[in-house]
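Residue numbers (my numbering), protein chains in the order written: chain A, 1 to 225; chain B, 1 to 671; chain C, 1 to 246.
Accuracy of the hints is not assured; some may be wrong.
Restraint ranges, calculated between C-beta atoms of paired labels, are given here [unchecked claim]: (1) C:GLY94 with B:GLN371: 43 to 53 Å; (2) A:PHE24 with B:LYS379: 37 to 47 Å; (3) B:THR358 with C:LYS23: 26 to 36 Å; (4) C:ASP95 with B:LYS533: 33 to 43 Å; (5) B:GLU376 with A:ALA96: 30 to 40 Å; (6) B:GLU214 with A:VAL118: 54 to 64 Å; (7) C:LEU209 with B:GLU214: 24 to 34 Å; (8) B:THR384 with A:ASN94: 28 to 38 Å; (9) B:GLU214 with A:VAL88: 19 to 29 Å; (10) A:VAL88 with C:LEU209: 47 to 57 Å; (11) A:ASN94 with C:LEU209: 24 to 34 Å; (12) C:GLU195 with A:SER84: 50 to 60 Å; (13) C:PRO108 with B:LYS10: 30 to 40 Å; (14) C:GLU195 with A:VAL37: 34 to 44 Å.
Just some of the chain A residues that point at chain C, by a computed CB distance under 7 Å [claimed, not checked]: (15) SER8; (16) ASN93; (17) SER103.
Since the hints were derived computationally from the structure, they do not count as laboratory data. C-beta: ideal position from N, C-alpha, C; glycine also.
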Amino acid sequence: MSGFFKSSIGRKYAMALSAFFLMFFLLQHFAINILSVFSPDAFNEASHFMGTFWAVQYLLQPVLIFGVVFHFIMGFILEAKNRSARVVKYASNNGAANSSWMSRNMIYSGLAILGFIVLHFIDFWLPEINTKYIQGDMSGLLADGDGFRYYEELTHKFVNPIRVVAYIVAFVFLSLHLMHGFSSAFQSSGVSSMRKEKLQLFGKAYAIIIPLGFIFIALYHHFNH
Amino acid sequence: MSVLDSKVPKGPLKDKWTDYKNHIDLVNPANKRNIDVIVVGTGLAGGSAAATLAELGYNVKTFCYQDSPRRAHSIAAQGGINAAKNYQGDGDSTYRLFYDTVKGGDYRSREANVYRLAEVSANIIDQCVAQGVPFARDYGGLLDNRSFGGVLVSRTFYAKGQTGQQLLLGAYSAMNRQIARGKITPYNRHEMLDVVKVDGKARGIIARNLVTGEIERHSAHAVVIASGGYGNVYFLSTNAMGSNATAAWKIHKKGAFFANPCYTQIHPTCIPRSGDYQSKLTLMSESLRNDGRIWVPKNMEDVIAIREGKKKPTDLSEDERDYYLERRYPAFGNLVPRDVASRAAKERCDAGYGVNATGEAVYLDFASAIQRYGKEQAKIHNITNASADKIYELGAAIVKAKYGNLFQMYEKIVDQDPYKTPMMIYPAVHYTMGGVWVDYNLMTTVDGLYCIGEANFSDHGANRLGASALMQGLADGYFVLPYTIGDYLSNEIRTGKIPTDTPEFDAAEKEVTEKINFFVNNKGTHSVDYYHKKLGNIMWEKCGMSRNSTGLKEAMVEIKALREDFYKNVSVPGNANEFNSELEKAGRVADFLELGELFAKDALEREESCGGHFREESVEIDGEQEGEAKRNDKDFAFVSAWEYKGEPGEAVLHKEELEFNEIELKQRSYK
Amino acid sequence: MNLTLKIWRQKDAQSKGKMVDYKVTEISEHMSFLEMMDVLNEQLINSGEEPVAFDHDCREGICGMCSMYINGEAHGPDRGVTTCQLHMRMFKDGDTITIEPFRAKAFPVLKDLVVDRGAFDRIQHAGGYISVNTSGNTQDANSLPISKHAADEAMDAATCIGCGACVASCKNSSAMLFVGAKVSQYALLPQGQIEATDRVKNMVAQMDLEGFGNCTNTGACEIECPKGISLDNIARMNRELLKANF
Ligand SMILES: Cc1cc2nc3c(=O)[nH]c(=O)nc-3n(C[C@H](O)[C@H](O)[C@H](O)COP(=O)(O)OP(=O)(O)OC[C@H]3O[C@@H](n4cnc5c(N)ncnc54)[C@H](O)[C@@H]3O)c2cc1C
Ligand code: HEM
Ligand code: SF4
Ligand code: FES
Numbered sequence: 001m002s003g004f005f006k007s008s009i010g011r012k013y014a015m016a017l018s019a020f021f022l023m024f025f026l027l028q029h030f031a032i033n034i035l036s037v038f039s040p041d042a043f044n045e046a047s048h049f050m051g052t053f054w055a056v057q058y059l060l061q062p063v064l065i066f067g068v069v070f071h072f073i074m075g076f077i078l079e080a081k082n083r084s085a086r087v088v089k090y091a092s093n094n095g096a097a098n099s100s101w102m103s104r105n106m107i108y109s110g111l112a113i114l115g116f117i118v119l120h121f122i123d124f125w126l127p128e129i130n131t132k133y134i135q136g137d138m139s140g141l142l143a144d145g146d147g148f149r150y151y152e153e154l155t156h157k158f159v160n161p162i163r164v165v166a167y168i169v170a171f172v173f174l175s176l177h178l179m180h181g182f183s184s185a186f187q188s189s190g191v192s193s194m195r196k197e198k199l200q201l202f203g204k205a206y207a208i209i210i211p212l213g214f215i216f217i218a219l220y221h222h223f224n225h
Numbered sequence: 001m002s003v004l005d006s007k008v009p010k011g012p013l014k015d016k017w018t019d020y021k022n023h024i025d026l027v028n029p030a031n032k033r034n035i036d037v038i039v040v041g042t043g044l045a046g047g048s049a050a051a052t053l054a055e056l057g058y059n060v061k062t063f064c065y066q067d068s069p070r071r072a073h074s075i076a077a078q079g080g081i082n083a084a085k086n087y088q089g090d091g092d093s094t095y096r097l098f099y100d101t102v103k104g105g106d107y108r109s110r111e112a113n114v115y116r117l118a119e120v121s122a123n124i125i126d127q128c129v130a131q132g133v134p135f136a137r138d139y140g141g142l143l144d145n146r147s148f149g150g151v152l153v154s155r156t157f158y159a160k161g162q163t164g165q166q167l168l169l170g171a172y173s174a175m176n177r178q179i180a181r182g183k184i185t186p187y188n189r190h191e192m193l194d195v196v197k198v199d200g201k202a203r204g205i206i207a208r209n210l211v212t213g214e215i216e217r218h219s220a221h222a223v224v225i226a227s228g229g230y231g232n233v234y235f236l237s238t239n240a241m242g243s244n245a246t247a248a249w250k251i252h253k254k255g256a257f258f259a260n261p262c263y264t265q266i267h268p269t270c271i272p273r274s275g276d277y278q279s280k281l282t283l284m285s286e287s288l289r290n291d292g293r294i295w296v297p298k299n300m301e302d303v304i305a306i307r308e309g310k311k312k313p314t315d316l317s318e319d320e321r322d323y324y325l326e327r328r329y330p331a332f333g334n335l336v337p338r339d340v341a342s343r344a345a346k347e348r349c350d351a352g353y354g355v356n357a358t359g360e361a362v363y364l365d366f367a368s369a370i371q372r373y374g375k376e377q378a379k380i381h382n383i384t385n386a387s388a389d390k391i392y393e394l395g396a397a398i399v400k401a402k403y404g405n406l407f408q409m410y411e412k413i414v415d416q417d418p419y420k421t422p423m424m425i426y427p428a429v430h431y432t433m434g435g436v437w438v439d440y441n442l443m444t445t446v447d448g449l450y451c452i453g454e455a456n457f458s459d460h461g462a463n464r465l466g467a468s469a470l471m472q473g474l475a476d477g478y479f480v481l482p483y484t485i486g487d488y489l490s491n492e493i494r495t496g497k498i499p500t501d502t503p504e505f506d507a508a509e510k511e512v513t514e515k516i517n518f519f520v521n522n523k524g525t526h527s528v529d530y531y532h533k534k535l536g537n538i539m540w541e542k543c544g545m546s547r548n549s550t551g552l553k554e555a556m557v558e559i560k561a562l563r564e565d566f567y568k569n570v571s572v573p574g575n576a577n578e579f580n581s582e583l584e585k586a587g588r589v590a591d592f593l594e595l596g597e598l599f600a601k602d603a604l605e606r607e608e609s610c611g612g613h614f615r616e617e618s619v620e621i622d623g624e625q626e627g628e629a630k631r632n633d634k635d636f637a638f639v640s641a642w643e644y645k646g647e648p649g650e651a652v653l654h655k656e657e658l659e660f661n662e663i664e665l666k667q668r669s670y671k
Numbered sequence: 001m002n003l004t005l006k007i008w009r010q011k012d013a014q015s016k017g018k019m020v021d022y023k024v025t026e027i028s029e030h031m032s033f034l035e036m037m038d039v040l041n042e043q044l045i046n047s048g049e050e051p052v053a054f055d056h057d058c059r060e061g062i063c064g065m066c067s068m069y070i071n072g073e074a075h076g077p078d079r080g081v082t083t084c085q086l087h088m089r090m091f092k093d094g095d096t097i098t099i100e101p102f103r104a105k106a107f108p109v110l111k112d113l114v115v116d117r118g119a120f121d122r123i124q125h126a127g128g129y130i131s132v133n134t135s136g137n138t139q140d141a142n143s144l145p146i147s148k149h150a151a152d153e154a155m156d157a158a159t160c161i162g163c164g165a166c167v168a169s170c171k172n173s174s175a176m177l178f179v180g181a182k183v184s185q186y187a188l189l190p191q192g193q194i195e196a197t198d199r200v201k202n203m204v205a206q207m208d209l210e211g212f213g214n215c216t217n218t219g220a221c222e223i224e225c226p227k228g229i230s231l232d233n234i235a236r237m238n239r240e241l242l243k244a245n246f
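Chain A with its partners taken away, still in its complex shape:
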């Protein structure tokens, strides 16, 4: 057992596990964000709950951070190992003949996502931490105390068209990442062959609908402000 996670396949399991977690998180994140379109109040409630409930803050949040960090670091490690497995490169290589662009460029789509996550941290998460833990304001209320601040902050963010464009680009990359990653994770973990048609279909649906949903939210708030 000890050697398992050192083996190439063990690492694939670890990668898939972290990816499953991220995909689950993404779904949950989406579920809350989409509320902002239908009902600002519900969105505020949910956000407040997530932002203050101890289990989320002290358990899930660190796990999430660990998951993201683990995923991309492991991604880098595997990528480095894979690159070193071929010293002399081909003079002519026709990768498009046998594999999808998405599958061959996970590291680049991943890097784009990483770039976005960093931005996202600076944008949403650091101010949140600042408000909650540095300034100690756990109320979740607007400065004037008139209702929750979450919805306001969210809609405010999407005023700036540059941010919206960055957001869209990032989610396009996420879509590409998941277009391959979703079914791939099932294959890596041995749960199912990735060639199963239903899995492919489900994976494609997830990879398109969720990122598209995030993009929709961004555009919705941008144009409805």
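Place chains B and C with the ligands on chain A using the hints.
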């Protein structure tokens, strides 16, 4: 008495092997550790022998010229492997398999050896299944069988169209286990270039590392040659490009007699040559003849029109076609034995009726089978008034299920769809029944030197039944040699390690090095292939499917002349101390150029037609069998074992008389 | 057909190699790719140059010896074939064809287009077998019925010819299709169950030791594999390894 002693044990045929095993000397396990055995070749024969010897505790070194033992040409066998299991309950038995094999070999094999082969055949299947060989199974989970090669029972086990591959991977897996234990040391990409004899006993080999060019000495207490057949003496054959006679020929030159070199099997269903650049021929399983009908056009005008592309084979009506096998052999029709079908195709093509550009092809047509199966299926599915298209569709589906992979292979190579237009086939050299002479123990005429698998001559007489070569290779390697070699090695327990720094090794190495240096320094004008093709041409024309005394005498002269020219004018680029494919080929072709001459000499000497050897002078002159092969048991019921005397043409013939106590000799008839 | 060939030439394992251009003329569309290479080599020998070294043996797609990377694909542009089964009708007059060895750190080049695939053998030594002695009295073959389905599936995995095209076409030089096929063949049969745990652990450990990359499931191997070995075998191997560890 002849110098040849077959060492067949006394006693009733069916008890010989058991008695023999009960009385041989055994080597105690502690002593086996001190005994080394070299196995040259890792095909079914060599691979299985190496694994079993290592399992018993001997230290084994294996050699093969490919980059992995798993790539030996046994891998290419498609059809299947025979075994007298009688799982189908159709009356098979050890005796029947024995009988069929002796009869199939046209009564030119040794009864005791063949009986032993039939006896151990059942063990092979048990062993292979235990190793995880995925043989075909029926829905009840039991092993499936097919009938093969015109015999009356279904005794052929198979793994799709890749039986040889699966059996070889089985033997290779058994080797892997011993390699992991350190009992086998594999020398891949190594070619044996000579055997080393010390005091008359085989004590080692000289091998060339094909990657570095280094010449290596390896010593052992016994040497086993399992290097496969010599079909490539014809240049074009179904053998692999590297298949060669070098190991067998080199031991022949060091004292091992070579038996029946002229017995060659020419297989009727191969894909025809498409041009002069052709490098090898591809076999298509003979099972195709169960459903395909063989024909050429009746009229010469149609032949010409087809060659010029003005007509298609499908344009010819039934009475414009000559189903020559059905015409000549009404009883067996398209299912006559391989040699008969091959000669009949050659006869038609020689008469000018060949249907492709080279004039060397006949049709193998599935249209009737598709119709027949289609109508049958329509009945089964209760389709009344089925349209022609529907019948075709139903029939084609059945044909696809049976031969799909072969059709696909054909289409890949020829670029024609055999469901729509008849296949073209032509005979090709496929198997060599002749080989190094061995006694009942599989030992050659040199002490401590053994020969197994296709490389020896032992079990198939003048012709081999389909699916019997795989059986023989594995029988030799798994179940026969490990016993018989023990009897010899029991006298070697006190010998100690064989040193390689002796004058015998020096001399053998020197000979090998000189030959190699000669080649790389001989800045000639023609490539090795140039000579190989010329040799192949002589062999095919004069020592091919039908032979006569004039042609064979010419062949001997021409081959000798070609050999002399080869040594003057061959060009081998590159150096001795590097990876050098041309150098490898040069050594192999040099040996073929000698073997070819002995081949012709042997064929000349055997003035009878038997099995794969057809002498135009020896045919039935009247009666129903007129023009068919005529065997001469009175004068030729012997094995020709040739002793090397400095020149292939001067080899001396020794005869091992064949005695048949259990089987009555009969002339073949397929009319 | 007249063609321009760009071929990797490398004297031996130690030397550096480079791409060299050659021209061949009057190539028939019925030739196999290797027959075209024979024509080139004959031409080189006749003009006193060293022929191009390449691996080949059976020339009928079963031994797994031939191994060329042609126009950016292992075994060339056709599907379900090895290099020796590739025919010149896949190309057009005037084409330029790039020919390289299978590349991976674990497959060092020995000369020109010849590589050392010994790593595959060593993986098999590590566990590619069922431990059964050749006694002559193993149990009767039919005393162990095996469902046709399992036998057929094992057979499909077992058809791998060990050519290494999977490694060559994988962007990560991963050997998982090959190893997956080997592990699966035994895992699918009852005879193979007894040693299943050690087998998968040892084979995967050896695979890692040889320096192959990790699978990222691009599926290139499955497309380029001449024997259509399925990706399912990799998923199965992963499962087997998990089972073996927990
Ligand atoms: C296309 C084809 C289909 C066939 N189909 C069937 C079938 O369906 N059923 C059947 O029963 N038989 C079949 N046969 C025949 C059968 O496959 C062979 O006769 C048999 O496999 C030979 O096995 P072997 O071990 O003697 O030799 P091989 O498998 O040929 O092995 C020869 C070994 O010797 C090594 N070697 C050779 N020379 C040297 C040297 N100088 N130095 C070092 N190593 C050397 C090679 O590397 C190789 O490892 C078929 C044959 C062919 C060609
Ligand atoms: C933080 C930046 C990210 C980087 C650098 C990154 C990088 C990578 C890389 C290189 C791989 C391929 C590795 C392999 O298959 O072995 C991969 C796989 C994957 N990633 Fe990411 N990724 C990132 C973020 C994400 C996010 C946010 C998600 C999902 C919400 C995600 C989901 C997946 C999935 C499902 C896989 C497939 C896992 C598998 O095949 O086992 N990734 N990632
Ligand atoms: S899996 Fe396919 S590509 Fe890989 S070695 Fe086996 S046959 Fe070749
Ligand atoms: S040469 Fe054997 S597979 Fe191509």
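Does the Cβ pair GLU376 of chain B, ALA96 of chain A satisfy 30 to 40 Å? Since the Cβ atoms of GLU376 of chain B and ALA96 of chain A sit about 47 Å apart, the hinted range of 30 to 40 Å is violated.
With respect to the beta-carbon atoms only, verify the hint that LEU209 of chain C and GLU214 of chain B lie 24 to 34 Å apart. holds (27 Å)
Is 28 to 38 Å respected by the C-beta to C-beta distance linking THR384 of chain B and ASN94 of chain A? With Cβ atoms ~53 Å apart, the hint is violated.
Is the hinted range of 24 to 34 Å satisfied by the C-beta distance from ASN94 of chain A to LEU209 of chain C? holds (30 Å)
Would the stated hint for ASN93 of chain A survive a check requiring a Cβ distance to chain C of less than 7 Å? ASN93 of chain A check passes; min Cβ-Cβ to chain C is 5 Å, inside 7 Å.
Could you tell me whether the CB distance from ASP95 of chain C to LYS533 of chain B stays inside 33 to 43 Å? Taking Cβ atoms as reference, ASP95 of chain C and LYS533 of chain B lie about 28 Å apart, which means the hint is violated.
Range agreement (Cβ of LYS10 of chain B with Cβ of PRO108 of chain C, hint 30 to 40 Å): violated (57 Å)
Take the C-beta atom of THR358 of chain B and the C-beta atom of LYS23 of chain C, compute their distance, and say whether it sits inside 26 to 36 Å. Taking Cβ atoms as reference, THR358 of chain B and LYS23 of chain C lie about 27 Å apart, which means the hint holds.
Status of the hint placing SER8 of chain A at chain C (closest C-beta pair under 7 Å): holds (5 Å)
Cβ separation of GLU214 of chain B and VAL118 of chain A, checked against the hinted range 54 to 64 Å: Roughly 58 Å apart at Cβ, these two residues keep to the hinted range, so it holds.
Satisfaction of the SER103 of chain A interface hint, Cβ to chain C closer than 7 Å: holds (4 Å)
Range agreement (Cβ of VAL37 of chain A with Cβ of GLU195 of chain C, hint 34 to 44 Å): violated (58 Å)
This entry does not satisfy hints 2, 4, 5, 8, 10, 12, 13 and 14, going by the numbered hints stated previously.
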